Amino acid sequence: MSETTHTAHAEHPKDYTGAKLGMWLFLFTEVLLFGGLFILYAIYLQRYPEGFKLGGDQLNVWFGGGNTLVLLTSSLTVAMAITALQQGRVKASLRLVGATLFFALWFLVNKYFEWSAKIHHGIYPKSEHLKEMPGGEQVFFNLYYLMTGLHGIHVLVGAGVMTWVMWLIRKGKVNPDDYVTLENAGLYWHLVDLIWIFLFPLYYLIL
Amino acid sequence: MNQTASTTISRGFWDAPGGRKGIGAWIFSTDHKRIGLLYFYSTLAFFCVGVLLGLALRFELFQPGADFFTAQQYNSIFTLHGVVMIFLFIIPGIPAAFGNLVMPIQIGAEDVAFPRLNLLSWWLYMIGAIMALTSLFTGGGAPDTGWTFYVPFSVRTTTNVSLATLAVFIIGFSGILTGLNFLVTIHRLRAPGMTWWRIPLFTWALYATAWVQVLATPVLGITVLLIFAERVIGSGVFDPARGGDPVMYQHLFWIYSHPAVYIMILPGMGVITDIIPVFARKPVFGYKAIAISSLAIAGAGSVVWAHHMVTSGMSDIAVMIFSLLTFLVAIPSAIKVFNWVATLYKGSIQLDPPLLFALSFIVLFSIGGLTGLVLGSAATDVHVHDTYFVVGHFHFVMFGGTGFAFFAAMHYWLPKFYGRMYNKKAAVWGWALMTFGFLVLYMSMMIVGMEGMPRRYYDYLPKFTFWNQMSTIGSWFLAIGLLIVFVNIFRGLFKGEPVGSNPWGGATLEWQTPSPPPLENFEAEPVVTHGPYEYKKAGIL
Numbered sequence: 687m688s689e690t691t692h693t694a695h696a697e698h699p700k701d702y703t704g705a706k707l708g709m710w711l712f713l714f715t716e717v718l719l720f721g722g723l724f725i726l727y728a729i730y731l732q733r734y735p736e737g738f739k740l741g742g743d744q745l746n747v748w749f750g751g752g753n754t755l756v757l758l759t760s761s762l763t764v765a766m767a768i769t770a771l772q773q774g775r776v777k778a779s780l781r782l783v784g785a786t787l788f789f790a791l792w793f794l795v796n797k798y799f800e801w802s803a804k805i806h807h808g809i810y811p812k813s814e815h816l817k818e819m820p821g822g823e824q825v826f827f828n829l830y831y832l833m834t835g836l837h838g839i840h841v842l843v844g845a846g847v848m849t850w851v852m853w854l855i856r857k858g859k860v861n862p863d864d865y866v867t868l869e870n871a872g873l874y875w876h877l878v879d880l881i882w883i884f885l886f887p888l889y890y891l892i893l
Numbered sequence: 034m035n036q037t038a039s040t041t042i043s044r045g046f047w048d049a050p051g052g053r054k055g056i057g058a059w060i061f062s063t064d065h066k067r068i069g070l071l072y073f074y075s076t077l078a079f080f081c082v083g084v085l086l087g088l089a090l091r092f093e094l095f096q097p098g099a100d101f102f103t104a105q106q107y108n109s110i111f112t113l114h115g116v117v118m119i120f121l122f123i124i125p126g127i128p129a130a131f132g133n134l135v136m137p138i139q140i141g142a143e144d145v146a147f148p149r150l151n152l153l154s155w156w157l158y159m160i161g162a163i164m165a166l167t168s169l170f171t172g173g174g175a176p177d178t179g180w181t182f183y184v185p186f187s188v189r190t191t192t193n194v195s196l197a198t199l200a201v202f203i204i205g206f207s208g209i210l211t212g213l214n215f216l217v218t219i220h221r222l223r224a225p226g227m228t229w230w231r232i233p234l235f236t237w238a239l240y241a242t243a244w245v246q247v248l249a250t251p252v253l254g255i256t257v258l259l260i261f262a263e264r265v266i267g268s269g270v271f272d273p274a275r276g277g278d279p280v281m282y283q284h285l286f287w288i289y290s291h292p293a294v295y296i297m298i299l300p301g302m303g304v305i306t307d308i309i310p311v312f313a314r315k316p317v318f319g320y321k322a323i324a325i326s327s328l329a330i331a332g333a334g335s336v337v338w339a340h341h342m343v344t345s346g347m348s349d350i351a352v353m354i355f356s357l358l359t360f361l362v363a364i365p366s367a368i369k370v371f372n373w374v375a376t377l378y379k380g381s382i383q384l385d386p387p388l389l390f391a392l393s394f395i396v397l398f399s400i401g402g403l404t405g406l407v408l409g410s411a412a413t414d415v416h417v418h419d420t421y422f423v424v425g426h427f428h429f430v431m432f433g434g435t436g437f438a439f440f441a442a443m444h445y446w447l448p449k450f451y452g453r454m455y456n457k458k459a460a461v462w463g464w465a466l467m468t469f470g471f472l473v474l475y476m477s478m479m480i481v482g483m484e485g486m487p488r489r490y491y492d493y494l495p496k497f498t499f500w501n502q503m504s505t506i507g508s509w510f511l512a513i514g515l516l517i518v519f520v521n522i523f524r525g526l527f528k529g530e531p532v533g534s535n536p537w538g539g540a541t542l543e544w545q546t547p548s549p550p551p552l553e554n555f556e557a558e559p560v561v562t563h564g565p566y567e568y569k570k571a572g573i574l
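Chains as they are written, first to last, in my numbering: chain A, 687 to 893; chain B, 34 to 574.
FYI, nobody ran anything at the bench for these hints, they're computed from the structure.
Treat the hints with care, as some may be off.
Capping the alpha-carbon separation at 25 angstroms, the derived lysine to any residue pairs in SDA-like fashion look like this [stated by the list, open to error]:
hint, chain 1, residue 1, chain 2, residue 2
1, A, K706, A, K797
2, A, K857, B, P148
3, A, K859, B, F61
4, B, K496, B, I506
5, A, K797, A, K859
6, A, K797, A, F749
7, A, K817, B, F186
8, A, K700, B, A557
9, B, K458, B, K528
10, A, K700, B, F46
11, A, K797, B, K496
12, A, K700, B, R221
13, A, K706, A, D864
14, A, K706, A, K804
15, B, K379, B, E567
16, A, K804, B, V265
17, A, K706, B, L150
18, A, K857, A, Y702
19, A, K700, B, G226
No experiment lies behind these values; they were computed from the predicted model shown.
Build out the structure end to end from the sequences listed, making use of the hints.
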């Protein structure tokens, strides 16, 4: 089906568009992974509006709001890190990725205190106290733990990715001429942020 | 058309770069052909395991009463048969094995877009497979839920469901990575001149499949994770005692698992579409219609899931909507069948083994597809729901469809990668026994299902004995056919006559490079000047 040309195999330059296309497809899969949980949330909210209201009232909006600020700031720092690297300011970029990592850990510490308080009050899956609550509230809290828990795992993975990228920048493998790995890490981090942007109002604000 | 085959064949990609030897040259290789063969042999091994389990089930059902297994053992065996066949063989079988082998060559690429990711997905697949098999012998015993893991039973059973669901999650992740890799490869790595409308239809089918893999598999991921969470931390979102709803599990499960049957069948259809024009010596009829119908099946197939749940207590309106949508999927499927038949019409047909398997595919898939309409229509589905009719239908589509396509692909493409040909006469005998045994085995199931025999029981009423015995006898013919096919093809691949680069007279790119292909697939980057089935322009006819 072809006429072959007699050029030898040329060394291919790294395919930036391909690398980013792959990352975007991966982000689709993450959205759909959480999508299953958002469907459950929607169905159960429609079925138990009172239970969800009572459950939502017990969540601390200050914890949630604080964490929202932390994550939004971290999205800013990672975006600045990409720009800094593009402009050749390697050290600044390294510091900004470090800041993102710091905010990720801050978020997890906040989450730890928030969950601990709830668990201290006897609200966690399988607990006796939760079993005495009406069905709607039980589903609310079970979903709360599942969705924020899965999101928390993603924050943890994101923190790991940031550490790895810092190592790559320090080694010079990610540099002002080849920064697609940092860009993709940034895309992943924005997604983690974005999912929280949906979780925060659904659990803390609208109920 | 055939190039004269020289007596000594070049070893192509079989000579590993850097002189690496032994198993390390395979399991750490990022060459798509080696990964394709890794997938091929691993899926084939699991297929054999699944076949043995299936034969064991048929043995038990040869006569009423408990003969070989207890009820609990029988439950475990059919669960295992389902999990192994679906998650370890049919889903990765064609796309991961033959997709990896053939697709990059068909579009004129040196490799897939992310070779290391490709290797990772094979590793994940193997880790998942090992976990699935480990779940049989550890914990509370082999899972006994059926491959669907329906709640509440899957949450309450003491068998080792937790590990099995994690295994499914990991295998799903491996499928996502393969799909993602193929999508980027097809978008980015096509050779000069390989426009979208010059892509071979096998690759088109893989493209549609990859979208389903990427978009549907995550939902399975979260569903099995929820089962895991219910079992381990007791999160209860499907437990009615705690406000949950078990029907929601069924929805989430089928949102993936219905599209998954298109992950299973679309690549098979692609194989058939590539084989038929070559052996009819005629351009494929309706190229664009076939390409678009793959996408249409992928799209429409994603919105029909609840037809599995007609008797679950959904509202009648939902039942009717999903029934209607289900009928819509029949349209693009029928487009393909008509186009295959139209391609054969007035062709100068060469009855070689790949075409025979493809012809069996058309007949068996059509029977499977048409009996699917009986199940898609709510009124008739209520009567045959959970009977052997469903089992028969499913095997016609999956084994008669995808399974036979897998064998067609083996007979069509493996000589390319080994550079040697099997004995065609023995292959025809194997094919004939397989097709005959298949029809007896699964036709009997459909009849006994219509008579009212329910699925998933180790015992049955005496009045069902005759058709059950027919079915079991059919399974023996099928097994003998399989044995002949395997012995013949592997003896041929290692000891057969050298084939030359284009034994069948195909016009797609994989036939324009030596057999076996060199490491980077082509001696020089190909430039494509015509479509994949234009035999005259290719100088073949």
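Results of checking the hints against the structure:
1. Between A/K706 and A/K797, the direct Cα distance comes to roughly 31 angstroms. Violation of the 25 angstroms bound is thereby established for this hinted pair.
2. Restraint check: the Cα-Cα separation between A/K857 and B/P148 comes to about 23 angstroms, which is no more than 25 angstroms; the hinted pair holds.
3. Distance restraint check for A/K859 and B/F61: the Cα-Cα separation of roughly 23 angstroms lies within the 25 angstroms cut-off, and the hinted pair is therefore satisfied.
4. With a CA separation close to 18 angstroms, the supplied pair B/K496 and B/I506 stays within the 25 angstroms bound.
5. With a C-alpha separation of about 34 angstroms, the suggested pair A/K797 and A/K859 falls outside the 25 angstroms cut-off, and the hint is violated.
6. Between A/K797 and A/F749 the CA atoms are separated by roughly 8 angstroms; this keeps the pair inside 25 angstroms, and the hint holds.
7. For the hint linking A/K817 to B/F186, the alpha-carbon distance of about 20 angstroms falls within 25 angstroms, and the restraint holds.
8. Under the criterion of a C-alpha separation no larger than 25 angstroms, the hint pairing A/K700 with B/A557 is consistent with the structure, at around 20 angstroms.
9. With a C-alpha separation of about 16 angstroms, the suggested pairing of B/K458 with B/K528 holds against the 25 angstroms cut-off.
10. Restraint check for A/K700 and B/F46: the C-alpha separation of about 24 angstroms stays at or below 25 angstroms, so the hint holds.
11. Simply put, A/K797 and B/K496 have alpha-carbon atoms about 63 angstroms apart, too far for the 25 angstroms limit, and the pair is violated.
12. Pair hint A/K700 plus B/R221 holds up; C-alpha atoms about 12 angstroms apart against a cutoff of 25 angstroms.
13. A distance of roughly 13 angstroms separates the Cα atoms of A/K706 and A/D864; the hinted pair therefore holds under the 25 angstroms criterion.
14. Between A/K706 and A/K804 the alpha-carbon distance is near 40 angstroms, which puts this suggested pair outside the 25 angstroms criterion.
15. With a CA separation close to 16 angstroms, the supplied pair B/K379 and B/E567 stays within the 25 angstroms bound.
16. Among the hinted pairs, A/K804 with B/V265 is consistent with the structure: their alpha-carbon atoms are about 19 angstroms apart, no more than 25 angstroms.
17. Taking the CA atoms of A/K706 and B/L150, the gap is about 14 angstroms. The hint holds against a cut of 25 angstroms.
18. A C-alpha spacing of about 20 angstroms is found between A/K857 and A/Y702, which places the hinted pair at or below 25 angstroms, so the restraint holds.
19. About 21 angstroms separates the Cα atoms of A/K700 and B/G226, which keeps this hinted pair within 25 angstroms; it holds.
Going through the hint list in order, the structure does not satisfy hints 1, 5, 11 and 14.
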